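2 protein chains.
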Amino acid sequence: MNKIYVIGMGPGREEMMTREATKALDESDVIVGYTVYLDLLGERYKDKIKLSTPMKQEEKRCRICFEEAKKGQVVSMICSGDAGIYGMASLMYEVKKDYSDVELIVIPGITAASSGAALLGAPLNHDFCVISLSDLLTPYELIEKRLELAAQADFAMAIYNPSSKKRFDYLKKACDILLKYIEPERACGFVRNIGRENEEVKTCTLLELRDQQVDMFTTVFIGNSTSEIVDNKLVTKRGYPVERNE
Amino acid sequence: MNKIYVIGMGPGREEMMTREATKALDESDVIVGYTVYLDLLGERYKDKIKLSTPMKQEEKRCRICFEEAKKGQVVSMICSGDAGIYGMASLMYEVKKDYSDVELIVIPGITAASSGAALLGAPLNHDFCVISLSDLLTPYELIEKRLELAAQADFAMAIYNPSSKKRFDYLKKACDILLKYIEPERACGFVRNIGRENEEVKTCTLLELRDQQVDMFTTVFIGNSTSEIVDNKLVTKRGYPVERNE
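Protein sequences appear in the order of chains F and G. Read left to right, the first sequence gives residues 1 to 246 (our numbering). Read left to right, the second sequence gives residues 1001 to 1246 (our numbering).
Any given hint could turn out to be false.
[What the hints assert, rightly or not] Some but not every residue of chain G turned toward chain F, in silico, with C-beta under 8 angstroms:
#1 Glu-1015
#2 Ala-1122
#3 Leu-1142
#4 Ala-1153
[As the list claims (entries may be wrong)] Restraint-style ranges between C-beta atoms, simulated for each label pair:
#5 F:Glu-141 - G:Gln-1213: 38 to 44 angstroms
#6 G:Pro-1241 - F:Tyr-240: 35 to 41 angstroms
#7 G:Asn-1198 - F:Glu-141: 40 to 46 angstroms
#8 F:Tyr-240 - G:Leu-1179: 22 to 28 angstroms
None of these hints come from the bench; they were simulated from the model. Remember, it's a predicted structure, so these values are computed and weren't measured experimentally. Where is the CB? At the ideal position from N, CA and C, for every residue including glycine.
With the hints as extra help, turn the sequences into a complete structure.
Here it is as structure tokens:
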């Protein structure tokens, strides 16, 4: 049966990919992906056929994979981070409904919640949630509701897509929602260009976060009630005090 | 300056580690970790010094790392999954307060939310949360509260540590909480022994999940309101219908 790998390539640096991902790419005839990610692949894959579509033409990009696979090519669809976290795995399964004779193999990768956390210290390390501030495919009211509930749940949070040109004030709006439930001194931080050129790592309070300039290559972290900034690292405790009668 | 790598080794299979993690282990004189994980490392690292402590002696395990580093050894602390997601990164930073002259370098790995999702299909793929049902370091009431709020937020969920010998009925109790907010037909699934022997992948409804036998090597996934089971895969849509006036 023809098969397509759906690969999470991690933040971008080749050594942050798993060996499983590298092997799948080695084996592939055709690599499909958004051009920014194809460009990150580097020398090792320079002789592969590379196919792409512009942003917002993701479904077409998926169909290209299946059409190439039908021709007998081994195909890889690459995504940044993890293919199953705001990646193409879901849409590939949607499109697969029209192509019953092709098998999908999802190869996980390091998502920004993990790679960004590693640079900041240990900001998650307990129950957490991941929320994207992009309202392209999510009603804005639902994003607000999730922020409200996540704050009440004392989840540590990783916030993806905190800003874009159109949504320049979304992080500020999100912080204002969180500040209804969380003290302004809450330990937070953010990471930009993880594993790429001009990597930037910064800790701050929730109130300071409100006025940070961030972009679509930034991942923001909100600590939970146990988090603290130690030596410029954002560290969330691995647990809470628990009374035991044992 | 002496340094310690805190390494997420992913689910266990060596090819699911990043090259960065492999390189750090290659470079290390001493590898510290829970015995189960040390055993997973295999032949490649058979000549390294390996040190361990039993479960619940995690702090002692961390101190061993720093003491070895002080002697001038290059040390790696290994964790399953990601070092910053219920891993040792946080505790290492705590213990580091007593060892100012040692540098910590966290190397992220594939956590079960990613590796389990890849096997199940695309169960997360939008905003999600990760909740551990272990009440060893978390008051049980907080776990319940998080489940309640996560259900109301329509988060897809990855549930870690769904059960143990002592906590044999915790998944059932968690499902009963979720069933207060979520329809019994909600698409769910679970994965056992990810990337290891006797790997098992299963989709089911939330109501069916309630009566599943799971263990501490199982990761459970709860779909959101858009999730469906297609061809035995659990797939969450990459977005919601959004009205646009553009």
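Against the structure, the hints:
no.: 1; hint: Glu-1015; verdict: 4 angstroms, holds
no.: 2; hint: Ala-1122; verdict: 4 angstroms, holds
no.: 3; hint: Leu-1142; verdict: 7 angstroms, holds
no.: 4; hint: Ala-1153; verdict: 4 angstroms, holds
no.: 5; hint: F:Glu-141 - G:Gln-1213: 38 to 44 angstroms; verdict: 39 angstroms, holds
no.: 6; hint: G:Pro-1241 - F:Tyr-240: 35 to 41 angstroms; verdict: 39 angstroms, holds
no.: 7; hint: G:Asn-1198 - F:Glu-141: 40 to 46 angstroms; verdict: 44 angstroms, holds
no.: 8; hint: F:Tyr-240 - G:Leu-1179: 22 to 28 angstroms; verdict: 26 angstroms, holds
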